[in-house]
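Those protein sequence lines, which keep their order, are chains A and B.
The opening residue of the first sequence carries number 0 in numbering that gives the first Met the number 0; numbering runs sequentially from there.
The opening residue of the second sequence carries number 0 in numbering that gives the first Met the number 0; numbering runs sequentially from there.
Hints in this document: simulated from the structure, not taken from any laboratory.
Small disclaimer: the values here were computed from a predicted structure and weren't measured.
Among the clues, some could well be false.
Now the stretches of chain B that chain A is said to cover, found in silico as 3 or more residues with beta-carbon under 8 Å [claimed, not checked]:
| no. | region |
| --- | --- |
| 1 | 26-38 |
| 2 | 44-50 |
| 3 | 53-61 |
Partial selection, computed: residues in chain A whose CB lies under 10 Å from chain B [unchecked claim]:
| no. | residue |
| --- | --- |
| 4 | K29 |
| 5 | Q32 |
| 6 | F34 |
| 7 | M76 |
| 8 | E79 |
| 9 | A81 |
| 10 | H284 |
| 11 | G295 |
Cβ-Cβ distance ranges computed for the label pairs, FRET-style [as the list claims (entries may be wrong)]:
| no. | chain 1 | residue 1 | chain 2 | residue 2 | range |
| --- | --- | --- | --- | --- | --- |
| 12 | B | E67 | A | V186 | 31 to 39 Å |
| 13 | B | G56 | A | R258 | 24 to 32 Å |
| 14 | B | G80 | A | E224 | 34 to 42 Å |
| 15 | A | T37 | B | E67 | 21 to 29 Å |
| 16 | A | R84 | B | D19 | 25 to 33 Å |
| 17 | A | I257 | B | E52 | 22 to 30 Å |
| 18 | B | G56 | A | R210 | 52 to 60 Å |
| 19 | B | N29 | A | E224 | 43 to 51 Å |
| 20 | A | S262 | B | A7 | 33 to 41 Å |
| 21 | A | G108 | B | R77 | 28 to 36 Å |
| 22 | B | D30 | A | D102 | 39 to 47 Å |
| 23 | A | S62 | B | L10 | 30 to 38 Å |
Built from N, CA and C at the ideal position, the CB exists for glycine as well.
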Amino acid sequence: MTHDMGTAAAGDHTHKLLSAIIEGWPQHEKHLQRFFSTLTAEDAANIDVVAKSILKLSDNELSEFVTDYRWMCGMFMKHEIAFRRSMTLSNTDTAAIRDAYYDNADAMGRYMRGLLISQITWPQHLGVQFLFAREFMPRLPSGFSYMEVGPGHGVTLAVAGADPKCGRLSGCDISQTSIDMTRQSMVRLGVTRPVDLIHADICAATDNGNRFDAILISQVLELVESPQSAIENLAIQLAPQGQIFVNCPVQMLAPDHIRVWRSGADIVSLVEAAGLTVEFEAKVHADASEKSENLGYSHVLIARKPG
Amino acid sequence: MQQSEFRAFVLTFLSEARPDLSTQIDALQNDEDMFEAGVVDSHAFIGLCLAIEDETGTPIEIAELDPEEFSSIDGLMRVSGLVLS
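All chains, full assembly: derive it from the sequences and hints.
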């Protein structure tokens with residue numbers, strides 16, 4: 000069964016994936032129709048690449064992925080409401096969160112599958128993908144080396160690796176479960192180039208001499224105990240003139256967050272304190288609602304290392 | 000708060016949040032799923048729940064509930080401790 004998403008620009012993979020999501024969660028149909036009817040042809044083409052990857056990764060288990068997505072959305076909503084009542088976090092115990100998610104293969108697996116589907120259903124995730132494709136990738140030099148913090152489902156890592164200019168591909172994560180999933184994803188997505196995947200804590204990373212032209216850190220700074228150490232360590236790993244793409248939720252919450260960023264200016268200050276120069280900034284909202292500013296957004300910035 | 004007042008409160012909130020959807024919002028039935036009607040996404044729904052809590056002074060205890068159980072005007076009224084008239 001297929002569903003008319005209201006745009007001729009949406010590609011075949013997008014139609015197929017959205018149809019499966021609506022089959023599993025019919026209440027989503029109008030929201031998806033409305034969002035996808037506003038896309039430009041360029042955005043629709045970028046989305047279709049993401050949709051193709053999601054279809055490959057979910058393989059014959061797409062309905063289970065949609066089930067996990069529904070589970071994740073319900074969990075997020077309950078945490079979000081509890082957070083907004085007091086605007087404070089109920090759980091900042093990193094050890095407990097690590098036990099509950101990062102070191103729990105079952106919970107982490109469901110969470111990762113849900114997050115994968117959200118890459119095409121949540122406007123803020125798609126908006127960040129658009130900025131990555133439009134604003135970050137064209138800036139990178141020929142033969143660029145790329146490192147992603149927390150590559151998870153591997154979709155963005157594969158996009159970077161598919162760029163003809165890419166020379167070297169790496170990823171690091173604090174969760175071995177996540178590393179294993181990324182490794183499987185690279186195979187499923189047909190990434191044939193070598194990918195160096197490292198199990199490491201970026202807050203405690205020691206300098207192994209690796210330098211990168213490009214680093215991506217997306218939705219991580221709200222999870223780590225010391226964002227300052229994380230950014231400082233990543234700044235060390237940037238090559239001279241290397242660039243970092245930072246995406247961080249502001250005034251938003253998920254069950255594994257231990258910190259709520261209150262403004263984009265705080266993230267800019269963090270990056271500048273590590274000696275990097277911010278060259279691009281954007282806010283990505285969850286929807287066009289006039290009240291969405293109060294309900295948080297994703298703050299994206301691109302910064303460069305001098306030299 | 001009566002059902003008609005509650006409905007008016009919900010529709011006003013939604014119309015302020017999404018003036019571009021005013022036609023669909025005005026046509027929303029009391030027992031109609033707001034997600035299915037396309038007048039809210041999860042962010043707008045969270046904002047609505049919190050606004051209702053502020054208005055009624057009663058927290059919506061959702062920890063054990065499936066959001067779909069109260070994603071209609073009637074459902075929200077029920078979990079807010081208000082009696083359907």
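Each hint, compared with the structure:
no. : hint                         : result
1   : 26-38                        : holds (count 5)
2   : 44-50                        : holds (count 5)
3   : 53-61                        : holds (count 3)
4   : K29                          : 3 Å, holds
5   : Q32                          : 7 Å, holds
6   : F34                          : 9 Å, holds
7   : M76                          : 6 Å, holds
8   : E79                          : 5 Å, holds
9   : A81                          : 8 Å, holds
10  : H284                         : 9 Å, holds
11  : G295                         : 8 Å, holds
12  : B:E67 <-> A:V186: 31 to 39 Å : 36 Å, holds
13  : B:G56 <-> A:R258: 24 to 32 Å : 30 Å, holds
14  : B:G80 <-> A:E224: 34 to 42 Å : 40 Å, holds
15  : A:T37 <-> B:E67: 21 to 29 Å  : 26 Å, holds
16  : A:R84 <-> B:D19: 25 to 33 Å  : 29 Å, holds
17  : A:I257 <-> B:E52: 22 to 30 Å : 25 Å, holds
18  : B:G56 <-> A:R210: 52 to 60 Å : 57 Å, holds
19  : B:N29 <-> A:E224: 43 to 51 Å : 47 Å, holds
20  : A:S262 <-> B:A7: 33 to 41 Å  : 35 Å, holds
21  : A:G108 <-> B:R77: 28 to 36 Å : 35 Å, holds
22  : B:D30 <-> A:D102: 39 to 47 Å : 44 Å, holds
23  : A:S62 <-> B:L10: 30 to 38 Å  : 35 Å, holds
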